[in-house]
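Protein sequences, first through last, are from chains A and B. With numbering that gives the first Met the number 0, the residue at position 116 of the first sequence is 115, and numbering never jumps. With numbering that gives the first Met the number 0, the residue at position 45 of the second sequence is 44, and numbering never jumps.
These aren't lab readings, by the way, just hints derived from the structure by calculation. You may find that some hints are simply not true.
As the list claims (entries may be wrong) - Simulated crosslink set (DSSO-like; lysine-lysine; CA at most 30 Å straight-line): (1) B:Lys-487 x A:Lys-99; (2) B:Lys-599 x A:Lys-116; (3) A:Lys-10 x A:Lys-73; (4) B:Lys-478 x B:Lys-517; (5) A:Lys-144 x A:Lys-4; (6) B:Lys-558 x A:Lys-116; (7) B:Lys-94 x A:Lys-144; (8) A:Lys-19 x B:Lys-478; (9) A:Lys-144 x B:Lys-478; (10) A:Lys-20 x B:Lys-478; (11) A:Lys-4 x B:Lys-266; (12) A:Lys-116 x A:Lys-135; (13) B:Lys-92 x A:Lys-144; (14) B:Lys-487 x B:Lys-517; (15) B:Lys-266 x A:Lys-116.
As the structure is a prediction and not an experimental result, all values here were calculated from the model.
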Amino acid sequence: MIAEKYAEEIKGIIARFPNKKSAVLPLMHLAQHEYGYMSQEAMREVAEILDLDPTQVLSLSGFYSLYYEEPVGKYVMEICNDLACALRGADQFVDMACRKLDTTVDATTEDGLFTIKTVMCLGACDRAPMLQCNLKFEENLDEGKFDQLLARLREEAVSEQKSPSIVEKIVAYAK
Amino acid sequence: MAEPTATLDLSELRRRARPQDIPQVPTITICGGTGCRVYGSEMVADRFRQELDAAGCQATVELQVKSTGCHGFCEQGPLVVLRPSEIMYVHVKPKDVPEIVQRTIIAGELIDRLLYVDPDSGDHISREPDVPFYKHQQRLILNLNGLIDPLDINEYINMGGYRAIHHCLGELTPPMVIDTVKRSGLRGRGGAGFPTGLKWELCRNQPGDLKYVICNADEGDPGAYMDRSIIEGNPHRVLEGMIIGAYAMGARRGYVYIRAEYPLAVKHLRAAVAQARAAGFLGRNILGSGFDFDIDITLGSGAFVCGEETALMASIEGRTGEPRPRPPFPAQRGLWGRPTNINNVKSWASVPIIIDRGPEFFASIGTPSSKGTMIFSLVGNINNTGLVEVPMGITLRQLVEDIGGGVPGGKQFKAAQIGGPSGGCIPPEHLDVQIDYDSLRSLGAIMGSGGLVIADEDTCMVDFARFFMAFTQEESCGKCVPCRIGTKAMLSTLERICDGKGQPGDLEYLTELGNEIKSASLCGLGQTAPNPVLSTLRYFREEYQAHIHQGRCPAKVCKGLISYSVLEENCTGCMVCLRSCPTGAIQGAKREVHHIDAEKCNRCGTCFSLCKFDAVQVV
Ligand SMILES: Cc1cc2nc3c(=O)[nH]c(=O)nc-3n(C[C@H](O)[C@H](O)[C@H](O)COP(=O)(O)O)c2cc1C
Ligand code: FES
Numbered sequence: 000m001i002a003e004k005y006a007e008e009i010k011g012i013i014a015r016f017p018n019k020k021s022a023v024l025p026l027m028h029l030a031q032h033e034y035g036y037m038s039q040e041a042m043r044e045v046a047e048i049l050d051l052d053p054t055q056v057l058s059l060s061g062f063y064s065l066y067y068e069e070p071v072g073k074y075v076m077e078i079c080n081d082l083a084c085a086l087r088g089a090d091q092f093v094d095m096a097c098r099k100l101d102t103t104v105d106a107t108t109e110d111g112l113f114t115i116k117t118v119m120c121l122g123a124c125d126r127a128p129m130l131q132c133n134l135k136f137e138e139n140l141d142e143g144k145f146d147q148l149l150a151r152l153r154e155e156a157v158s159e160q161k162s163p164s165i166v167e168k169i170v171a172y173a174k
Numbered sequence: 000m001a002e003p004t005a006t007l008d009l010s011e012l013r014r015r016a017r018p019q020d021i022p023q024v025p026t027i028t029i030c031g032g033t034g035c036r037v038y039g040s041e042m043v044a045d046r047f048r049q050e051l052d053a054a055g056c057q058a059t060v061e062l063q064v065k066s067t068g069c070h071g072f073c074e075q076g077p078l079v080v081l082r083p084s085e086i087m088y089v090h091v092k093p094k095d096v097p098e099i100v101q102r103t104i105i106a107g108e109l110i111d112r113l114l115y116v117d118p119d120s121g122d123h124i125s126r127e128p129d130v131p132f133y134k135h136q137q138r139l140i141l142n143l144n145g146l147i148d149p150l151d152i153n154e155y156i157n158m159g160g161y162r163a164i165h166h167c168l169g170e171l172t173p174p175m176v177i178d179t180v181k182r183s184g185l186r187g188r189g190g191a192g193f194p195t196g197l198k199w200e201l202c203r204n205q206p207g208d209l210k211y212v213i214c215n216a217d218e219g220d221p222g223a224y225m226d227r228s229i230i231e232g233n234p235h236r237v238l239e240g241m242i243i244g245a246y247a248m249g250a251r252r253g254y255v256y257i258r259a260e261y262p263l264a265v266k267h268l269r270a271a272v273a274q275a276r277a278a279g280f281l282g283r284n285i286l287g288s289g290f291d292f293d294i295d296i297t298l299g300s301g302a303f304v305c306g307e308e309t310a311l312m313a314s315i316e317g318r319t320g321e322p323r324p325r326p327p328f329p330a331q332r333g334l335w336g337r338p339t340n341i342n343n344v345k346s347w348a349s350v351p352i353i354i355d356r357g358p359e360f361f362a363s364i365g366t367p368s369s370k371g372t373m374i375f376s377l378v379g380n381i382n383n384t385g386l387v388e389v390p391m392g393i394t395l396r397q398l399v400e401d402i403g404g405g406v407p408g409g410k411q412f413k414a415a416q417i418g419g420p421s422g423g424c425i426p427p428e429h430l431d432v433q434i435d436y437d438s439l440r441s442l443g444a445i446m447g448s449g450g451l452v453i454a455d456e457d458t459c460m461v462d463f464a465r466f467f468m469a470f471t472q473e474e475s476c477g478k479c480v481p482c483r484i485g486t487k488a489m490l491s492t493l494e495r496i497c498d499g500k501g502q503p504g505d506l507e508y509l510t511e512l513g514n515e516i517k518s519a520s521l522c523g524l525g526q527t528a529p530n531p532v533l534s535t536l537r538y539f540r541e542e543y544q545a546h547i548h549q550g551r552c553p554a555k556v557c558k559g560l561i562s563y564s565v566l567e568e569n570c571t572g573c574m575v576c577l578r579s580c581p582t583g584a585i586q587g588a589k590r591e592v593h594h595i596d597a598e599k600c601n602r603c604g605t606c607f608s609l610c611k612f613d614a615v616q617v618v
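Kindly produce the complete structure, drawing on both the sequences and the hints.
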């Protein structure tokens, strides 16, 4: 229950707006952080905290692309294939990444570790191909660097060190 | 609103705010932007610290940890700039460091092999400001990026920061501030170019004592990242602009609406707001003037249309970001129904400069109708990618050739897309166009937010237009019919043409539909969505016609119109392409000429890009 776990944070978020309802998007960020995606439960909790109808949360989650409506892998690799990146080979990079992980865009690998998504411009166009993973930019990528990244993340996942600092960061960030 | 913990004494502020631009202690600045980091700038910085210690030198080593507050010249990294001499070395490796310390820092000599070589003239260039990439620039807004630590408010203050707000609160009445902004000729940098001073006046003249100001940092145009860079590299200047605007308009609360995809910018902004509050620039009774104002940060959630001002306000209010018709304008009925003024990041950041250096100074830069500087991100097929800040009125040719260093690989320049998905493309015959709001508009492009995407001869302009149409179609919020249905119809026509199934009449249909969408859509998204198609039709009509009438993609891009084959005389039978073909379409054996089965080939181009012997050709 985010209402209990993040009671302090939630109070602070709501206080920033002239009306409670307006706090819905930040609370959805928080809920998604907690559950990994906007599960039914997550939507219901947010709706309850703000006295909204759950369908209102549902429609917001559909409208805004940063809310995932399906479960995602532990690491979501958001590869920019917007124009400037496409001119520097981002589409081929996406194909390569999918082949390598034996998956398709938006699907999650069987081990539950990786989801590849394609996203709009992340403002790192001069260092394409690039992706964002765990709020970090990985830039000037090629196959070799992608392999290194996968190796690093796999190692991190095994040692269960999805560093608490990152988690804390996300929470701080969602506030 | 919390009471400021410490209100800065005005004289203290004045004392600190010495007009000083370059640090006088010898400083070694090493770009720590992501680009340079990849090349090992951290190791270079460590080595500098060791060597300087060993040599007993008094100098500051700064590894600047800004991801895009960088020097904007990433290809040459790691970049090392020695100040105050401004000597710049490129591609510096840790092993070069002892020599730099001994020969340059101690003995004052130049090391020739580490200097930047201008690809055009072959000259070795020793000082940073002489590099052509910087020389044609005029960095008013970006001048402190890379020079100050964005996480330390004192560095901004030391460079003259917050002097403008001090001046406004102490000496100017709100109407005087508005008049100053008007006289500067500043026009909105978020795309449409509306005169900022006029907009402020509209908002100021609205009744009511609860008003809002908003900073639009939703930057979503593909290829544009200057807003992110400004906020990451120098967030205080944006805040200072907002505080001045709030004072001028009588707003008491401000919001920065920033994309959640920009974590570093969000972090720097949060830190800046907290420090500004602690220093007494935000909160109650700012600098003892009786003026109250505070700023909050709200995160976007991934919807391009939220950059549109009415959609943005809906999003802050916690609703789906759908635009609504104007009037009423935000100045009349904005956030939560209150008078609201929205400006772009660059517009806000220009304000302290205008106050500080005077409206006449600002208005002296640029053309009669477009004043000041504009920041562009040069991306795509161009040698020097990066952010550049230039005076309005510079020609596109200077931007592409002198600053951008031209198109890589000896290829020809084909087009520059300016203004993102709302803008248009400019062909080679108009390279000498002056960059200002009106000249661009006369060519069917717009200034937009400053994304400048360069396409070389290998780009198919039909495919290019299809890309933008797919973008706007996807981002259409779906509220109004012309935009929702119209963009779909345009996109499917373009897709058909790219697939080799174009029909006579398609081009007329695209033009007609495009014009209808422009006139009938509710918001700027739909009103500008057809621009990339219309402008490519205007300048590259033959290319469309080749697709439709000759079944040919002249740039050899559209998969439906090309095929791959092996040039027998070049093929060495190395099996590289054969092994990597994802569909198994290539047959052959070691040291035997390979063949591509056109039926199985999905035209991914892998073989083409892998072949080291130029034996794969596209026809
Ligand atoms: C679809 C669409 C997207 C927009 N995106 C942005 C944006 O990312 N940043 C921005 O400053 N303005 C954007 N605008 C323009 C804003 O509506 C508004 O005109 C601008 O923020 C006003 O600021 P200015 O007067 O300083 O230019 C967009 C407009 C439309 C129609
Ligand atoms: S287009 Fe990919 S980061 Fe800008």
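Just pull the numbers of the violated hints for me, sorted ascending. 1, 5 and 9
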